[in-house]
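Here are the chains, one letter per residue:
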Amino acid sequence: MAAPAPWQLQAGRWIRPAAWIGGLVPLALMILAGFTTGLSADPIREVTHRTGWAALLMLMLSLAVTPVRTLTKWNWLVPARRTLGLCAYLYAVLHFATYMVDQDFSWGYIVDDIVEHPYVTVGFAALVILTPLALTSTRGMIRRLGKRWQKLHRLVYVAAGLGVLHFLWLVKKDLREPLIFAAAFAVLMLFRVLPIGKSGKQKRPPARKSPSPERSVAGG
Amino acid sequence: MLIKKPEIPSSEITPEPLYLNRRQFIGAAAGAVAAASVPTALMACAPGEDEQADKPNSYEDITTYNNFYEFGTDKSDPARNAPRTLRTTPWTVEIGGLCDRPGRYAFNDLVRANRVIDRTYRMRCVEAWSMVIPWRGIQLRDVINQARPRPGARFVEFTTLHDPAQMPGQRREVLDWPYLEGLRMDEAMHPLSMLATGIYGRPLPAQNGAPLRLVVPWKYGFKNIKSIVRIRFVDRQPRNTWQISAPGEYGFYANVNPQVDHPRWSQARERRIGEWRRRPTLMFNGYSEVASLYSGLDLRRNF
Chain A
1 MAAPAPWQLQ AGRWIRPAAW IGGLVPLALM ILAGFTTGLS ADPIREVTHR
51 TGWAALLMLM LSLAVTPVRT LTKWNWLVPA RRTLGLCAYL YAVLHFATYM
101 VDQDFSWGYI VDDIVEHPYV TVGFAALVIL TPLALTSTRG MIRRLGKRWQ
151 KLHRLVYVAA GLGVLHFLWL VKKDLREPLI FAAAFAVLML FRVLPIGKSG
201 KQKRPPARKS PSPERSVAGG
Chain B
1 MLIKKPEIPS SEITPEPLYL NRRQFIGAAA GAVAAASVPT ALMACAPGED
51 EQADKPNSYE DITTYNNFYE FGTDKSDPAR NAPRTLRTTP WTVEIGGLCD
101 RPGRYAFNDL VRANRVIDRT YRMRCVEAWS MVIPWRGIQL RDVINQARPR
151 PGARFVEFTT LHDPAQMPGQ RREVLDWPYL EGLRMDEAMH PLSMLATGIY
201 GRPLPAQNGA PLRLVVPWKY GFKNIKSIVR IRFVDRQPRN TWQISAPGEY
251 GFYANVNPQV DHPRWSQARE RRIGEWRRRP TLMFNGYSEV ASLYSGLDLR
301 RNF
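Sequence lines, in order, name chains A and B.
full-length UniProt numbering numbers the first residue of the first sequence as 1 and each following residue consecutively.
full-length UniProt numbering numbers the first residue of the second sequence as 1 and each following residue consecutively.
It should be emphasised that the hints constitute simulated quantities derived from the structure, not laboratory data.
Here the structure is a predicted model, which means the values were calculated and not measured.
Even for Gly, the Cβ is constructed at its ideal location relative to N, Cα and C.
Calculated from the model, a selection of chain A residues having no Cβ within reach of chain B, i.e. all distances over 12 Å:
1) Thr-72
2) Ala-134
3) Thr-138
4) Arg-148
5) Leu-188
Estimated spans, in silico, between C-beta atoms of each pair:
6) B:Pro-102 - A:Ala-186: 45 to 55 Å
7) B:Asp-261 - A:Leu-155: 24 to 34 Å
8) B:Asp-261 - A:Gly-22: 33 to 43 Å
9) A:Ala-186 - B:Arg-101: 51 to 61 Å
10) B:Thr-89 - A:Val-193: 56 to 66 Å
11) A:Thr-136 - B:Gly-248: 36 to 46 Å
12) B:Asp-74 - A:Tyr-157: 26 to 36 Å
13) B:Gly-296 - A:Val-193: 51 to 61 Å
If you want a taste of the chain A side facing chain B, the calculated C-beta under 8 Å gives, among others:
14) Tyr-119
15) Leu-170
16) Lys-173
Bound-form chain A, shown alone (with noise of 0.2 Å):
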């Protein structure tokens, strides 16, 4: 394997201010909506929605790393991973707080749907499963957690899961965007348990270049 590129190595510096401000690019969107065409005439609803959406987007973005890493050798990408993270714990926080304004605050109906609605049920547990996950994120916390770190973190693909379920079980007929999700997901996971995630640590063909699809079958 040739050694990175000089821009890689500068990568490495730009990584996670630019997936910072790629994170927050949805906020950005929605409150730029907010001041110019209005968030639809039921703003409420339209805020709960991207920022249920953003979260979304952010979890699987963050999962996809791993396999892009895996596949590109690009390492430059991994601090990628946390930043990505926390946008999508800060977007399900911003989407249960919309959610909160839209119930009026009343706990009473909130612990009721919570407990009576499935898709509620499974929402509110993916934001809860992602609350200890961002707040061990620190550098200070990942030194002390050590080996227990990961398998904590690997709680994700649980939150990621519930987050797909909550959407799909949320949509009343049109099922092509949840499903867009769950599609993602499942390659994601699918990434995971197949043997070609392992296949990044092996050399590859000197010749190689650009990754391609076909290469992971091949890979195993």
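Given chain A's structure and the hints, the job is docking chain B onto it.
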């Protein structure tokens, strides 16, 4: 020479303020007549409710926030797509089934033959939001009487236009097209039931179900079938689209009922579009005068 679509010179268009004034005059007159003959519209809502609480939503809210899956499943899709693709002139409504005077009626004839009424009604969507809409239209019972239904006619079935070229949302099998709805005859004959042809005195926009849509204010919004092309008198309870699609979630009656939750959300409260707080949902959307239609009917089972 190529003949272009005739354009009305701007000098011949009535300026909007004048037009609105005239409409207001007619509207007020019609409203007075309606109020005199049927003191049942929103004006006579439950005591203790102040008028401010039922201020009509803006024309913009009403015409940009629509559930009309024939033009897309997002609430902004209908306003974007429907005005471009739906052709509402000429429009005919086929009236048939168990009646003595079936026939195909041109939209204009159907409306011209009947008294125009203005009614400001609350509209409560099954998704727990609501609006207040100043409708213009005709009474459904006038149209029914015109067709002379036979004694065997116990229900009325309505059908929406089915034309994927005009209704691009119908190219996908999101629902069973065409959209169907139904009412029991006594519900259809109730003085509150109307066929709307306009909003705020202006013609009904395509996204709101032009040119003719049903408005039954004590039921969830999905009962208010849009862009009607067929009205049929039948002896059995017709199937309605959302019930076909998810029978556990959407019933035939679909009366607004804070006691009966949708399986995925509570119906106890609603948010009026434009407001931040939720308000309690009223039984029959506050139109308690229809309660007698359902005496003896278990509204938990017949939801």
